[in-house]
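Asks: Sequence:
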Amino acid sequence: MEILGLNIKSVIDLKNADIFQGDKLILENVNLNIKEAEFSYLIGDTGSGKSSLLQTIYGELPLKKGFGIVADQDLTKLKYKTKHLFRRNLGMIFQQFNLINSWTVYQNLDYALRALEWTDKKIRNTRIREIAFDTGLHKKLKSKVFELSGGEQQRVAIARALLNRPQLLIADEPTGSLDRNSGDELMYLIKRIATENQTAVIFATHDQRIVEKFPALTYMCKNGRLISAD
Numbered sequence: 123m124e125i126l127g128l129n130i131k132s133v134i135d136l137k138n139a140d141i142f143q144g145d146k147l148i149l150e151n152v153n154l155n156i157k158e159a160e161f162s163y164l165i166g167d168t169g170s171g172k173s174s175l176l177q178t179i180y181g182e183l184p185l186k187k188g189f190g191i192v193a194d195q196d197l198t199k200l201k202y203k204t205k206h207l208f209r210r211n212l213g214m215i216f217q218q219f220n221l222i223n224s225w226t227v228y229q230n231l232d233y234a235l236r237a238l239e240w241t242d243k244k245i246r247n248t249r250i251r252e253i254a255f256d257t258g259l260h261k262k263l264k265s266k267v268f269e270l271s272g273g274e275q276q277r278v279a280i281a282r283a284l285l286n287r288p289q290l291l292i293a294d295e296p297t298g299s300l301d302r303n304s305g306d307e308l309m310y311l312i313k314r315i316a317t318e319n320q321t322a323v324i325f326a327t328h329d330q331r332i333v334e335k336f337p338a339l340t341y342m343c344k345n346g347r348l349i350s351a352d
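In this note's numbering, the protein residues as written are 123 to 352.
What the hints contain is simulated information worked out from the structure, not anything from laboratory work.
Keep in mind that the hints are not guaranteed to be accurate.
To be verified - Straight-line distance between alpha carbons at most 27 Å, and here's what the computed DSS-like set of lysine-lysine pairs gives:
hint, residue 1, residue 2
1, K203, K186
2, K157, K335
3, K344, K187
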């Protein structure tokens with residue numbers, strides 16, 4: 123896509139894609155295009171196909187039919203041995219934080235960077251302090267995760283997802299376990315950091331209040347199809 127002479131990159135580009143769980147067709151003829159720095163919602167009832175679509179986007183489910191490019195990777199050619207390399211271009215946050223509760227915030231973030239093969243400790247330390255300031259965690263780096271509130275733990279999960287400056291942030295019900303104020307703070311944080319870093323976001327949610335308060339391009343899974351809900 124080109125606007126005023128600027129080439130706007132597509133981070134997700136699915137065309138005529140069928141989404142399967144095993145041999146079961148979940149969504150048919152999916153067309154989805156999300157550009158860099160673009161924020162979009164994915165909504166729909168439980169069992170409508172949201173999670174299956176996200177799992178296909180991040181390579182957990184194979185794309186068996188159709189065209190799909192995500193973060194420069196052809197999903198039809200994605201191999202098990204190279205899946206971890208593909209996912210370095212993605213950040214993922216979920217309703218379950220999946221943090222190591224007995225570790226400090228710093229240890230959780232450092233572990234994630236070491237898993238991404240950031241071998242230089244000084245560079246890791248610099249990046250951790252950068253993302254800690256971005257997410258308001260700079261005073262919590264020495265705190266154990268179990269000492270944090272739910273909203274603070276979700277901030278750690280966001281910080282971890284954004285450490286590697288991913289092209290795409292996939293958020294699957296990240297506000298589901300938070301109260302209203304914490305959920306709103308989370309939304310302000312994600313939208314600000316994504317804009318600043320030109321990160322595309324696909325945000326799956328059941329929370330209609332969030333969608334209405336923070337309007338953005340919205341897609342709905344319904345009756346085996348992905349449709350625009352705008």
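Asks: Work down the list of hints and note, for each, if the structure agrees.
Replies: Checked hints:
1. K203 / K186: 18 Å, holds
2. K157 / K335: 22 Å, holds
3. K344 / K187: 20 Å, holds
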